[in-house]
Structures are given as structure tokens and as C-alpha cells.
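**Student:** Sequence:
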Amino acid sequence: MADKFLAYTKRNDFLVCVDSDGCAMDTMDIKHFRCFGPCMVTEWGLEEWQEEILNRWNEINLYTMTRGINRFRGLAKALAEIQEKYCGIEDLERLVRWVDETPELSNDALEREISKGESVCLKKALSWSRAVNQSVERLPEEEKRPFEGVGEALKKAWRDSDIAVVSSANPGAVLEEWDIHGLLEYTDVVLAQDSGSKAFCIGELLKRGYQPEHVLMCGDAPGDLEAAKKNGVYFYPILVRREAESWKEFREVGLKHFLEGSYGGQYQEEKEKQFLANLGEK
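Going by my numbering, 233 is the number at position 233 of the sequence shown; the sequence numbering is gapless.
In case anyone wonders, no lab produced these hints; they're calculated from the structure. Among these hints, one or two may not hold up.
Listed next, the in silico BS3-like pairs over lysine-lysine satisfying Cα-Cα at most 30 Å (straight line) [claimed, not checked]:
id: 1; residue 1: K77; residue 2: K144
id: 2; residue 1: K77; residue 2: K273
id: 3; residue 1: K256; residue 2: K230
id: 4; residue 1: K230; residue 2: K273
id: 5; residue 1: K116; residue 2: K4
id: 6; residue 1: K155; residue 2: K4
Can you make the complete structure from the sequences, with help from the hints?
**Tutor:** Okay, structure coming up:
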């Protein structure tokens with residue numbers, strides 16, 4: 001994990017951090033519709049209530065203030081609701097405790113936890129997560145594309161700022177998707193699930209010599225806003241169902257504000273209000 005930060009060299013005074021799934025890449029919906037939810041139904045044998053459970057999974061992970069939640073946090077939340085409404089989930093409390101206490105939410109960290117002692121729910125969670133990754137890999141490449149305008153925006157931003165992918169997704173998938181569509185050309189470092197939380201990653205990047213007011217996090221989920229706030233850096237929202245429009249504004253307006261030092265104050269407040277309203281938060 002630390003190697004990526006140690007090897008990273010700052011090129012510019014400005015840094016733009018960009019989330020991947022649902023922000024730069026139009027991959028979030030398809031992964032949840034076809035991979036995350038269905039794999040959970042299969043792993044825990046929930047076919048009897050499949051339609052209701054999948055609808056609720058999508059609400060949790062895509063269309064409300066928990067959008068973009070880490071996969072294991074989303075799983076623990078969904079299973080807790082399933083246990084309350086539909087059927088018992090064996091050893092669920094062990095998964096909930098691990099999710100609440102672990103400093104790293106990844107397959108590797110879960111494997112280490114399982115090695116400490118037997119747990120049916122932890123083993124099933126790891127099996128589910130691996131099945132999700134395999135299912136994502138099988139998705140047709142033509143269905144895993146960037147949102148309209150992403151390439152042009154990153155190309156323009158990269159001229160005057162460093163670009164870091166800061167994502168909680170599977171690192172292999174992120175690298176593959178960004179490479180196929182030529183986005184790595186405008187990227188200085190890729191930090192994914194194995195690098196730590198988004199807040200941690202931004203904090204480590206700040207140690208490379210950036211001033212907080214020269215750092216911007218582009219994201220589509222409340223966790224992206226929270227990571228930006230924790231580090232005292234700016235936030236630019238990619239609005240759900242308005243992604244192309246958001247990237248166009250970033251390229252034409254937001255980036256200019258950022259590089260010219262006028263991003264804070266009114267423009268930042270306006271962007272944050274739009275973001276919260278878009279996810280149903282008053």
C-alpha cells in the first residue's frame with residue numbers, strides 16, 4: 001500500500017482526485033444490477049424475496065445518501081435489513097463487528113480476519129466479494145465505458161494539475177477500465193480499494209506538498225464529499241443521472257474556478273447544495 005505513495009512524484013501545484021465507478025466510469029449501475037445484488041441473493045439463497053431485496057440493494061448503493069458505500073458496509077447493512085424482514089442470517093453480528101472495527105475493508109483484510117477464527121458469515125462475505133469480482137470481469141467491455149466528456153475533461157485538467165484516481169473499487173478492474181479507454185494517459189497515480197480509504201488516500205497525497213486549497217475531489221457519492229471535507233480540500237460533484245452535464249460544467253467552469261483560486265465560497269456551496277438535493281437530502 002505504502003509503495004504507491006512513496007513512488008508518487010508531484011508534477012504540478014494543483015491536484016484533481018477522481019473517483020472511478022459512477023463518477024468517471026458509467027459502470028456503477030451495471031455492476032450493482034448484474035453483479036453485487038444478484039451475487040448476494042445467490043450466496044445467501046434469497047431467491048424467494050429476490051425482487052424486493054434487489055430493489056432495496058440498489059436504493060442503498062445507488063440512489064440515496066449511502067450511494068458509493070464500501071461493498072462490505074453495504075453488504076452488512078443489506079443483510080441486517082434482510083434478517084429483520086425476511087430470514088435469519090447466520091453469524092451476521094461477526095460481519096457487522098468486523099465492518100465497524102477494521103481499518104481496511106478489502107478481500108485481503110477479510111481473509112486475515114477469517115484466519116483468526118471460524119465464521120460462517122465472514123466466509124460467505126468473502127465468497128460473495130470474489131464472485132462479484134468474477135462477475136464484473138465477465139461484463140462485456142462495450143458496456144463499461146466512461147461517461148460522455150470525461151476524456152476531454154481529464155485531458156484539459158492534466159495540463160495544469162496532477163490527476164489521481166481515488167476509488168474504493170477493485171484495483172484490477174479500475175486499471176483495466178481506465179486503460180482500455182485511454183484515460184490512464186491523463187492519470188498520475190491510481191489508488192483503489194487496496195490503498196486505503198478515500199480520506200486516507202487524499203491525506204497521503206497532501207503529504208506530497210500540495211496546499212489543501214489546490215486539491216479537488218471529483219465524486220458522485222457522499223463518501224467522496226466526506227473524504228474531501230476530512231482533508232479540508234474542495235469537492236466537485238458528478239450528479240447521478242446528470243453525469244455528462246456535470247463533466248461538461250467541470251471542463252468549462254469548475255476547472256477554471258479551481259485553477260484561478262475562485263472555487264471556494266459561493267461556487268463550492270452551490271455545488272454541494274446541488275449534490276445533496278440530487279440524492280434526496282434536504
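**Student:** Next, verify each hint and record whether it holds.
**Tutor:** Do the hints match the structure? See the list:
no., hint, in the structure
1, K77 / K144, "holds, 27 Å"
2, K77 / K273, "holds, 26 Å"
3, K256 / K230, "holds, 24 Å"
4, K230 / K273, "holds, 18 Å"
5, K116 / K4, "holds, 28 Å"
6, K155 / K4, "holds, 23 Å"
In this structure, none of the earlier numbered hints is contradicted; all agree with it.
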